[in-house]
Structure formats: structure tokens, C-alpha cells
Amino acid sequence: MKTPEVAIELYILLSAILFIMGVMGVLLRRNAILVFMSVELMLNASNLALVAFSRQWANGDGHLIVFFVITVAAAEVAVGLALIVAIFRTKKSIDIDALHLFKD
Amino acid sequence: MPSDFAPISALLILSVAVSLIIVFISRLLGPFHPTTRKLSPYESGMQPFGEAIRRIPVKFYRIAVLFILFDVEVIFFLPWAVVFRDFKLYGLAVMGVFFFVLMIGFVYEWKVGGLEWD
Amino acid sequence: MFEAPSIGDLNIAATLPATLLALGACIFLLVDLFVPKDRKYITALLAAAGLLTSLVLALLSLMNIIEFGSGETAFAGLYIADQFTDVVNVVVLFTGLMGVLVAYNYLDRIGKQRGEYYYLLLFTTVGVMFMGSAGDLVTVFVALELLSIPLYILSGFRWPQEQSEESALKYFILGAFSSGFLVYGIAMIYGATGTTEFRGIWLAVDEIIAQDLSSKYLLLLGAGLTLVGLGFKVAAVPFHMWTPDVYQGAPTSVVAYMSVAAKVGGFAALVRVFASGMSNFVLDGATAAAWQDTMWLIAALTMILGNLVAIVQTDLKRLFAYSSIAHAGYILTAVAAAGSAAVTNEAAQAVAIYLAAYAFTNIGVFAVIISVEKDDSSNTGLDSLRGMSRTQPLLAASMTLFMFSLTGIPLTAGFVGKWFVFKSAIAADLFPVAVIGVLTSLVSAYYYLRIVWLMYFEEGEPQVYIPWPLASAISLAVVGTLLLGIFPYLLQEMAQDIVLAFGR
Numbered sequence: 001m002k003t004p005e006v007a008i009e010l011y012i013l014l015s016a017i018l019f020i021m022g023v024m025g026v027l028l029r030r031n032a033i034l035v036f037m038s039v040e041l042m043l044n045a046s047n048l049a050l051v052a053f054s055r056q057w058a059n060g061d062g063h064l065i066v067f068f069v070i071t072v073a074a075a076e077v078a079v080g081l082a083l084i085v086a087i088f089r090t091k092k093s094i095d096i097d098a099l100h101l102f103k104d
Numbered sequence: 001m002p003s004d005f006a007p008i009s010a011l012l013i014l015s016v017a018v019s020l021i022i023v024f025i026s027r028l029l030g031p032f033h034p035t036t037r038k039l040s041p042y043e044s045g046m047q048p049f050g051e052a053i054r055r056i057p058v059k060f061y062r063i064a065v066l067f068i069l070f071d072v073e074v075i076f077f078l079p080w081a082v083v084f085r086d087f088k089l090y091g092l093a094v095m096g097v098f099f100f101v102l103m104i105g106f107v108y109e110w111k112v113g114g115l116e117w118d
Numbered sequence: 001m002f003e004a005p006s007i008g009d010l011n012i013a014a015t016l017p018a019t020l021l022a023l024g025a026c027i028f029l030l031v032d033l034f035v036p037k038d039r040k041y042i043t044a045l046l047a048a049a050g051l052l053t054s055l056v057l058a059l060l061s062l063m064n065i066i067e068f069g070s071g072e073t074a075f076a077g078l079y080i081a082d083q084f085t086d087v088v089n090v091v092v093l094f095t096g097l098m099g100v101l102v103a104y105n106y107l108d109r110i111g112k113q114r115g116e117y118y119y120l121l122l123f124t125t126v127g128v129m130f131m132g133s134a135g136d137l138v139t140v141f142v143a144l145e146l147l148s149i150p151l152y153i154l155s156g157f158r159w160p161q162e163q164s165e166e167s168a169l170k171y172f173i174l175g176a177f178s179s180g181f182l183v184y185g186i187a188m189i190y191g192a193t194g195t196t197e198f199r200g201i202w203l204a205v206d207e208i209i210a211q212d213l214s215s216k217y218l219l220l221l222g223a224g225l226t227l228v229g230l231g232f233k234v235a236a237v238p239f240h241m242w243t244p245d246v247y248q249g250a251p252t253s254v255v256a257y258m259s260v261a262a263k264v265g266g267f268a269a270l271v272r273v274f275a276s277g278m279s280n281f282v283l284d285g286a287t288a289a290a291w292q293d294t295m296w297l298i299a300a301l302t303m304i305l306g307n308l309v310a311i312v313q314t315d316l317k318r319l320f321a322y323s324s325i326a327h328a329g330y331i332l333t334a335v336a337a338a339g340s341a342a343v344t345n346e347a348a349q350a351v352a353i354y355l356a357a358y359a360f361t362n363i364g365v366f367a368v369i370i371s372v373e374k375d376d377s378s379n380t381g382l383d384s385l386r387g388m389s390r391t392q393p394l395l396a397a398s399m400t401l402f403m404f405s406l407t408g409i410p411l412t413a414g415f416v417g418k419w420f421v422f423k424s425a426i427a428a429d430l431f432p433v434a435v436i437g438v439l440t441s442l443v444s445a446y447y448y449l450r451i452v453w454l455m456y457f458e459e460g461e462p463q464v465y466i467p468w469p470l471a472s473a474i475s476l477a478v479v480g481t482l483l484l485g486i487f488p489y490l491l492q493e494m495a496q497d498i499v500l501a502f503g504r
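Protein chains in written order, with this note's numbering: chain A, 1 to 104; chain B, 1 to 118; chain C, 1 to 504.
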């Protein structure tokens, strides 16, 4: 059976949509965990674009970056969740609108 | 090519349409007599109790974070294992360095008590 | 068939200062586990020793006494060992050393004397070193994260104090957001050129321009997103919002280190990615690279906003946060100048000189703030310096010198930095930006010299606490600021061998 070829533009379009969803999520969401998940969505949109380009150029460089992005994202998750838990214990809230100690 | 997507789009449209139609017809034709018992969530015949969303002790979160860190490292081991024979001693040395760094993290985690439940 | 590389091909010797410090940080992490709680000075000493060893190696390499490789690449092109690498290494290692000096007693005072502080600082330093020597977009990304993630933790080091936690979470969310942009930018650049190595990108850009391929738009998008990602790191307007809050909330010893190290790393990466990898990205027969206009616009905005908002600040940490934004603008002017092919190397030299001058001065400023700060992180207002010349004449004199240097008054390091930056901007036909730079420097004189006025001409009894490590850090900063200011050729000599462009 022949596997249908999907044009590269469609992958990039999908990754762009995911990326913009991630950006909008960061800008519009008020819950720190959801903001953080939106950041992960941005990183994974990049991963999709990298893998698609990697196939387009027929070299492995794109795959290589994806490995690093996944690992770094895991490290970010560890630090980020620890920070969110710490701030929840102090403030009893993870609403980022509640972060207003500093003013000009 | 766009035409390749025709079968899956047809399936998508059909499944959405069928489920909508079924919901609509059953609402139109079926009798509708709500009671408290009928409206309560189904929990295998038991009386539902407590909140549906409960807080989980933060200890589980710590285990999850420690797990994901070491879990993700496996994505480096897997491709390495595939080409291990071609890389000979070089591959072993490089993975040795990686493993050394990973083990430092593990020893730290162990020593500061990250693996203790209480 | 596939040929396995040998370990000799990696050319590890070329990366010695950075890899040695990375190894040291890992080993200190293990050693620290067995150091008892009341003897954390052992970890501090070990960290200082590690930084000093790398600093000596990097200095020797900078002065070409020993060569780790001139313009050579290591790790199959991921790492470039050239003069720019050496300058960045020296600057950041010195900053790290000062960071340990200013932190030791401060951590005692706030009751957070923990070994983690020192090796997280070492990891950050390693991250900056790898950013300065990046030969590949992968290195830029991983090094950026190695620089940022420990800084997120350090900002929140004073938990459960609310300010510290809040600044850490803000820094973290915006930092992660910016790295999302950076990765997407990297993906687009890779999509346009088919490689992530700077040399490969440079060659591919030449081809794209020569044949006028449509992938130039993809490259433009990639360059823009990368600029957003790195702009967050160096706190350029309009990506500067996190800076004042983070600087105000984070422990002051962290801010002293971070305000320099994160900037050095960010600008090193900007120079590597834009000046080195894409300096030949010229669209439609223009004379300068396509990213130059955006870059100088951001530079101008950053200088104007940073300096104007700093005027109304009453908290020292917040004031110097805006001041650091303003200085990012001056350095960005030089980065923008690098877009003109003829001045690329001169501009990169100006960036290196400015960073070196800024490192000495700024860490000194924050060391002085640490000395007046109370244990509960209060008393960082402008009032805390009032009348300092009566009780602490030496400290007041040092602070005055730092203020002069930040303003850019001759015979201080800051003047030398500004001189080279504006010179490169004029050489690149960016005359309006240079004028904005000079004018905003005049504006900045108001709030810098107001601090001098407060110390000398107003009454007050400031309480200071200066243990010897802090005193030695301030003295080192004074010596550095004066030395580089009086003998500018030191900096010039150091930077003149910086050659970035490929194939020229």
C-alpha cells in the first residue's frame, strides 16, 4: 500500500498554529500551570517544525535538536513545578495576577 | 496532497454527524422524566461522596519530577544503543561521560533524601 | 560505510577552561554533600578555586601565552575557540569569582548558607562560557538553558520569602516563554538553510542571496524570532518587563552576578548568531544586513526607555535594573553596527570591550548595595546611601567611581566602553543611534550623579556591614574600573584580535 506524502507546508502550518496557540495561552491564561503548559506547547510546535524540516533536508540535524529540546523541557518542568509548588505554599494561589509585590 | 485527506475528512464529518443525529433523535423521541437518582453521577450503585477533584499529596509530585528527569534521559540511550556497534570504543566513552553526569544527579538526589517517602 | 570518530577529533583541549569548570562543578556538587552544614566555606573556597583556575587558563589563552586553539572548532563544530571566546571567558569567570565573594557573607546573613548556591553559580558560568564559544545553534540553545535554569533557582533561593519566590516565578515564566521563541527561530533558520552550524548557515545565506531564493523570508522569520528570544535574555525593550521585578525581588548577591553574567551570555550569543552567522544576510541590494534596522531601533528604544524610567526610581535595586536595561541598549547599538559588513569585527570588539567594562562596574555597584542592605532585605532605598561620605569615605568614593563609570565620564572603564561602541556605530553609518546614545547618557548622568550628591551633600547615618570578602570584591571592582579607564589600550589590545566573519 502506498503511503500518501504530506506536503511540508502542511506540517509547518500545523506547527505555526500550535506555536500561536502556545503564545496566546501564555498571554491570556492566568493560572501558572496552564501558562507553563502553553510554553511546553510552543516548544513542541518547534519540535514538529524541526522534524519536518529534517525530513525535507534529508539530514539528521533537526532530529538532534529535538532530543535536546525534549531534555531541556524536562529540566524546565522540574524547576518550574518546584517554583510553582513553593509559591503555592506561601501564597495559597498560583494565579499569576496575584504576583504584584513590585510596582513602579 | 489535499486529496489524500478526503477519506479521513469524510470519516470525521460522518462520525460527528451521526453522533449529533443520535443525540438529537433520542432527545426528540425518548421520554424525559428526571429524578435525583437519575441525575446523580454513576458510581457503581454507591452513593457518591466527596469532591470529584481531590488534592493529591505533594509527595507524589516530587516522585513524578524525579521520574521524568531520569525517564527523559532514556531518549539518549535508545538511539545510542541502536548504533552502539558502529561507534565502538568512542561511543562507549561518550556514553560513559553522559552516564557519569547522570549518576552525579542520582547520588545527589539519594543523599539529600529525595527518594525517602517521609 | 560509517566511520566512527575518534576521541582525538573532538579537540577537547581547545575547550579546556569551560570543560574543566563543568567537571569541577559536578565534582563540587558531590563533595558538598559530605561537607557539614556549618562549614560551607569549604564549598565556597572550592568554587572560588575552580573559577580561579579556569580564569588563569582563560587569561593565558587571551594573552596568547598558551593557545587552546586559534579559531579552531571542537566537538565537531559545536564549539569555537577564538579570541572572542577568550574575552567572554575572562569576563564571566571574573564575574563568577566576584559573585562568590559578594555572596558568602550575604548568605550567612539571610540564613541560606547552602552549598547549592555555589555550584549553581558555577553551572551558570559554564553556560555563559559555552554561549560565548557557540559554533552551532544547538550549543546556543543548550548553553542558554544551562545559563537560565540555575538562575531561576538562584532568584528563588531565599524561599519562603515572598519577594524572592515571586521574582523567581516571573523570571521563570518569561524565560521559558523566550526560549520557546528561540527554539522556533532556530527551527526556521534550520528550515531555510538546512544546517545549524554557523559556518554552514553563513555559506547557505550566501547562496540564498545569490539565487534570490524564497527561503529568505523563512530566514527573516527565523532571525526575528531568535532576536525576540535573545532580546528577553539581555532585557531589550520591548522584552524588558521582567527585569525590574526580578532584580528587586531576587537576593542581591544573585542580582550582582546575574546582571552581568546573563547579559554577557545573551550578547555573546547575539554576536555569534547575528554578526557571525548572518552578517551576509543582505536583502534587495541594501548595504547592511537585513536585521540591522530592527536591531538599531530596539537599541534606541532600550536606551531611551531604560534611562527615562530610571530617573523616577527610588529603590536602588530597581533603579539599577533600569540602568542595566539602558546599558543593554548601548551594547545593542554595537550589535546593530555589526550588520554593516565592513565594521563587523570592529563592532564585535566594541561589544567585548563594553561587556568587560560593564562587568567590573556593575558588580561593584551591587556589592555596595549589599553592604547597606539589612538582613530582612529592606533598606535598599536611595535614602540608605544618604550622607555616606561622613561615615564611610572609602565606600562612598568607590560608589562615586562606579557612578562616574556608568555615566561614562573619562578615565573610567565605562567611558572606554561607550567610546568604542559609539565609534563602531558611526563607522556603520548609524549616526542617529550614536546621537541618541550620547543624549541618553547625558540623561543618565542625572540619576547617577544624584546618588553621588546624596552621599556627599546630604545628612544621614548609613549603617553598613562590610566583611572582608565583600570589601575585597569592591576593591577589585574599583581597581578594574580605574585600570581599564586609565589604560584603555589594555582593552583594545585584548579585543583587537577578534575576527568573527567566516570566509573573509
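Source of the hints: derived by calculation from the structure; they are not laboratory data. Model, not experiment: these values are computed from the prediction. The beta-carbon is built from N, C-alpha and C at its ideal position, and this holds for glycine as well. Among the hints, erroneous ones may be present.
Said to hold, decoys possible - No more than 20 Å apart at the CA atoms, straight line, and that leaves these computed lysine to aspartate or glutamate pairs for EDC-like:
#1 A:Lys91 with C:Glu162
#2 C:Lys216 with A:Asp97
#3 B:Lys88 with C:Asp9
#4 C:Lys40 with B:Glu109
#5 A:Lys91 with C:Asp9
#6 C:Lys37 with C:Glu162
#7 B:Lys111 with C:Glu162
#8 C:Lys37 with B:Glu51
#9 B:Lys38 with B:Glu51
To be verified - Residues on chain A that point at chain B, a partial pick, calculated with CB under 7 Å:
#10 Leu13
#11 Ala16
#12 Gly25
#13 Asn44
#14 Phe67
Taking only the CA atoms, is the gap from lysine 40 of chain C to glutamate 109 of chain B under or equal to 20 Å? Answer holds: lysine 40 of chain C to glutamate 109 of chain B is near 19 Å, not above 20 Å.
Status of the asparagine 44 of chain A interface restraint (C-beta, 7 Å, chain B): 14 Å, violated
Holds or violated: are the alpha carbons of lysine 37 of chain C and glutamate 162 of chain C at most 20 Å from each other? 25 Å, violated
Against chain B, is leucine 13 of chain A within 7 Å by beta-carbon distance? Hint violated; leucine 13 of chain A Cβ to chain B Cβ min 12 Å, cut 7 Å.
Is the Cα-Cα distance between lysine 91 of chain A and aspartate 9 of chain C 20 Å or less? Answer violated: lysine 91 of chain A to aspartate 9 of chain C is near 53 Å, above 20 Å.
Are the Cα positions of lysine 37 of chain C and glutamate 51 of chain B separated by 20 Å at most? 44 Å, violated
Taking 20 Å as the top limit, are the C-alpha atoms of lysine 111 of chain B and glutamate 162 of chain C close enough? Status violated; Cα separation ~28 Å.
Straight-line alpha-carbon gap lysine 88 of chain B to aspartate 9 of chain C, limit 20 Å: OK: lysine 88 of chain B and aspartate 9 of chain C at ~15 Å, within 20 Å.
Holds or violated: lysine 38 of chain B to glutamate 51 of chain B, with C-alpha atoms at most 20 Å apart: 19 Å, holds
Would the hint on alanine 16 of chain A be counted as holding, given a Cβ-Cβ threshold of 7 Å to chain B? Violated - the Cβ of alanine 16 of chain A stays beyond 7 Å from chain B, reaching only about 18 Å at its closest.
With the threshold set at 20 Å, check whether the alpha-carbon distance from lysine 91 of chain A to glutamate 162 of chain C stays at or below it. 8 Å, holds
Agreement of lysine 216 of chain C and aspartate 97 of chain A with the hint, judged by alpha carbon distance not exceeding 20 Å: Given that 20 Å is the threshold and the Cα spacing comes to 40 Å, the pair is violated.
Going down the numbered hints, you'll see the structure goes against 2, 5, 6, 7, 8, 10, 11, 12 and 13, while the others check out.
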